[in-house]
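Using the sequences plus the hints, can you model the full thing?
Protein chains in written order, with the numbering used here: chain G, 1076 to 1488; chain H, 1076 to 1488.
A few of these clues could be false.
Which copy is meant is left open, so a pair is good if it fits within one copy or across any two.
[To be verified] Each computed SDA-like pair below joins lysine to any residue, with the alpha-carbon atoms no more than 25 Å apart:
| id | residue 1 | residue 2 |
| --- | --- | --- |
| 1 | Lys-1247 | Ala-1285 |
| 2 | Lys-1443 | Pro-1469 |
| 3 | Lys-1280 | Arg-1325 |
| 4 | Lys-1443 | Glu-1473 |
| 5 | Lys-1145 | Gly-1183 |
| 6 | Lys-1243 | Lys-1411 |
| 7 | Lys-1145 | Glu-1470 |
| 8 | Lys-1347 | Asp-1292 |
| 9 | Lys-1411 | Arg-1172 |
| 10 | Lys-1248 | Phe-1447 |
| 11 | Lys-1443 | Phe-1474 |
| 12 | Lys-1234 | Glu-1084 |
| 13 | Lys-1411 | Phe-1127 |
| 14 | Lys-1432 | Val-1168 |
| 15 | Lys-1411 | Gln-1129 |
| 16 | Lys-1411 | Gly-1164 |
No lab work stands behind these hints: they were computed from the structure.
Number of protein chains: 2
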Amino acid sequence: MGRKVKEIEGGVCAPEGFVAAAASCGIKNPDVERLDLALIYSQYPTVGAAVFTQNEVCAAPVRLSSSYLKSAEPRAIIVNSGNANACTGHGGVVHARTMASTTAKALGLNQREVQICSTGIIGVPLPIERIEPKIGGLAESLSRNSEPAAEAIMTSDTKPKSVAVTVKIGDKKVKIGAIAKGSGMINPHMATMLCFITTDAAVTKAELVAATREAVDMSFNRISVDGDMSTNDTVVVMANHQAGNKTITRSGTGSSEFREALTEVMQCLARKIVSDGERVTKLVEIQVRGAASQLDAERVARAVANSKLVKCSWNGNDPNWGRVIHAVGYSGARVKEELVDIYFDGVLATQNGVAAKTDIGKLSAAVKDSEFTVGIDLNLGKGEFNVWSSDLSPEYVEFNREEYALNRKTTKR
Amino acid sequence: MGRKVKEIEGGVCAPEGFVAAAASCGIKNPDVERLDLALIYSQYPTVGAAVFTQNEVCAAPVRLSSSYLKSAEPRAIIVNSGNANACTGHGGVVHARTMASTTAKALGLNQREVQICSTGIIGVPLPIERIEPKIGGLAESLSRNSEPAAEAIMTSDTKPKSVAVTVKIGDKKVKIGAIAKGSGMINPHMATMLCFITTDAAVTKAELVAATREAVDMSFNRISVDGDMSTNDTVVVMANHQAGNKTITRSGTGSSEFREALTEVMQCLARKIVSDGERVTKLVEIQVRGAASQLDAERVARAVANSKLVKCSWNGNDPNWGRVIHAVGYSGARVKEELVDIYFDGVLATQNGVAAKTDIGKLSAAVKDSEFTVGIDLNLGKGEFNVWSSDLSPEYVEFNREEYALNRKTTKR
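Below, the structure written as structure tokens:
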């Protein structure tokens, strides 16, 4: 965290006026007791912003939430795990609308003030009959404890992901809290990742939308676990003006502090998502510099971050710069091979496109940690870009071999 | 094979006037005896055509061969496995030139009439001192047996890859022979793949260049094992006019038969390369139709062929159409989710974007074979494209974990 931004406790309920709750519906399997439905609610009016998946095939809840946000500010978010309600046709839209209307009724809201999210398997009908009856009780159990909600949105995540910060804006302390889930399908342009952010900042709608867009670009759009893009990715931010600060506007005071804090919150969760990716053992930051343009730097960073062969080598603690430079070569960026330098965690592996004289033991040591950097200097210009990536493990493949057939058998009963 | 094209024996030496040989130099490891140097030679003057890697980082032999081909027709191809001579700086260029000049001297050719190819690890200096002394003996042992050469160019291939065909052009039988190697880094726009093709056809240079380009686009540019693109990919074709046919020209008689035969030869080898990809258990043909344009169809086919999650599901015999449709969604093509149909080996899995009523057992059976098709109909237009892909196995990842460190240790001795 930067100097102006301090981490605090409380997760998504840390900011004033936000409460949350979770329940167990047996969505994935009626015989297994686990939290799989969460509700987040602002006790005060808000302005909201959201970023949704860019996948052309997107889930019913994504379409509905996006449409609701065009004509109303969000006061509540209802989320289920265990089923993505994607590729479920008209029935899926009906189910998403039922989740919204039931939540709205329980909280005395307009249906359009509810954002709806689902995460889990694609193509299996949502068991709405197990979800709908639980929503009333969920609304009654809202509290300042954000932990059950963080747990309920998990799918193959191994840990709940939550963070909260405080940042001084003028003479007031503003809080930002968040929960997220990630795991499979983590990719640039977002992933099967959900992130819900609350803040008590007073902020204009325009500034919140711009700040959210920018923070997503600096965080969730720079992570890559397996190069796939989900049908359900969603980031929702609600701001309820309870901190008493002078309203933050696009070019006014407080904007830079607020954006910095929001970006740090999202980057913190982005890193947690990558390092908790399915069967991931390494968090690797690709740092590209010296590119002819920022776009070229981004091309290089993403090509390296998504190369299966590069990711395999990280899993084996192998300082294989040959695979890195070949991904640099096919990235589409302007590259002069004889100028390329590559570093593993700061240790020079490649100088001017050929093996540096660094001892192989030193290079192997540099890639042994569970977190390291890969620095790539194209020595052509000033373009820079960074991406957080992970290794690819045999266990990842094993884990992802048989989801659909197994789930069809489970849900058919 | 089509009706006009018949498969025959003899590989790259099947056409009149072509001979080959192989030798063991201990390039990867001086203590291990295996064939790792091959020579192919035309006893008569030729015209030649070649397609090289599009990777910006390309190996010294690729640069040299490409430059030679601009001013001379190729009479010989010298190839080593075990070391790619890529990212090896000026020393690499000197070594590639030595391979060419030594071969030329042994055969009484001009240096520019030799094509040079290397395949294997990137970034390790080529042990030219173990290769150069073997070239003289190689030239003396040239024969009509193509099998040793097919074996010598293998890296992690498990089988040699060779094919030969005959096709009637006018009243003459023309032969085309070929050997290839593939395995890791197999990708659209070619791979660490080498393919050497010989033909006794009489054909103009212009027609040979155009036919080669077209056949590569219909074959090697449509395969995908791991989405990486190598620094060394090369296809070289030599035609020596010994069949006695009327010279084939771009629009003259025989052109369509010749192109069909050349395309079938390359497609046959392309399929062999995919199914022998590193630790591959499935050969999957993605057949896209109904796209708004051919480019859109290609985008969809490549997105599905390269999705790690889709490839994992094939490894597990999982008919996971949800992952297929989500890759369709992020491909960049125009997609109407509610129109998409997906078939596994002809069995309907997805109709109008949602699960078809097909029994899950039937779907699972459809993806159980070592070869099957995935049909995707976007129902939007007439664009079609097909790609050959493979599954992604835990064994692939294990196999690719530690190459560089191990090889550095081996080659340092």
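So, going through the hints one by one against the coordinates:
1. Lys-1247 x Ala-1285: within (22 Å within a copy, 71 Å between copies)
2. Lys-1443 x Pro-1469: Result: close both inside a copy and across copies, 17 Å intra and 21 Å inter.
3. Lys-1280 x Arg-1325: The answer is within: 9 Å in one copy meets 25 Å, while 64 Å across copies does not.
4. Lys-1443 x Glu-1473: So Lys-1443 and Glu-1473 pass the 25 Å test inside a copy (23 Å) and across (17 Å) alike.
5. Lys-1145 x Gly-1183: Classified as within; 20 Å inside a copy, 77 Å across copies.
6. Lys-1243 x Lys-1411: neither (46 Å within a copy, 47 Å between copies)
7. Lys-1145 x Glu-1470: neither (42 Å within a copy, 48 Å between copies)
8. Lys-1347 x Asp-1292: within (17 Å within a copy, 42 Å between copies)
9. Lys-1411 x Arg-1172: between (54 Å within a copy, 21 Å between copies)
10. Lys-1248 x Phe-1447: neither (34 Å within a copy, 61 Å between copies)
11. Lys-1443 x Phe-1474: Answer is both; intra-copy 24 Å and inter-copy 18 Å each pass.
12. Lys-1234 x Glu-1084: within (17 Å within a copy, 60 Å between copies)
13. Lys-1411 x Phe-1127: Close across copies (18 Å), not inside one copy (37 Å); limit 25 Å.
14. Lys-1432 x Val-1168: between (60 Å within a copy, 20 Å between copies)
15. Lys-1411 x Gln-1129: Answer is between: at 14 Å across copies they meet the 25 Å cutoff, but 33 Å inside does not.
16. Lys-1411 x Gly-1164: Intra 49 Å, inter 12 Å, cutoff 25 Å: inter-copy only.
Violated hints, in rising order: 6, 7 and 10; the structure is consistent with all others.
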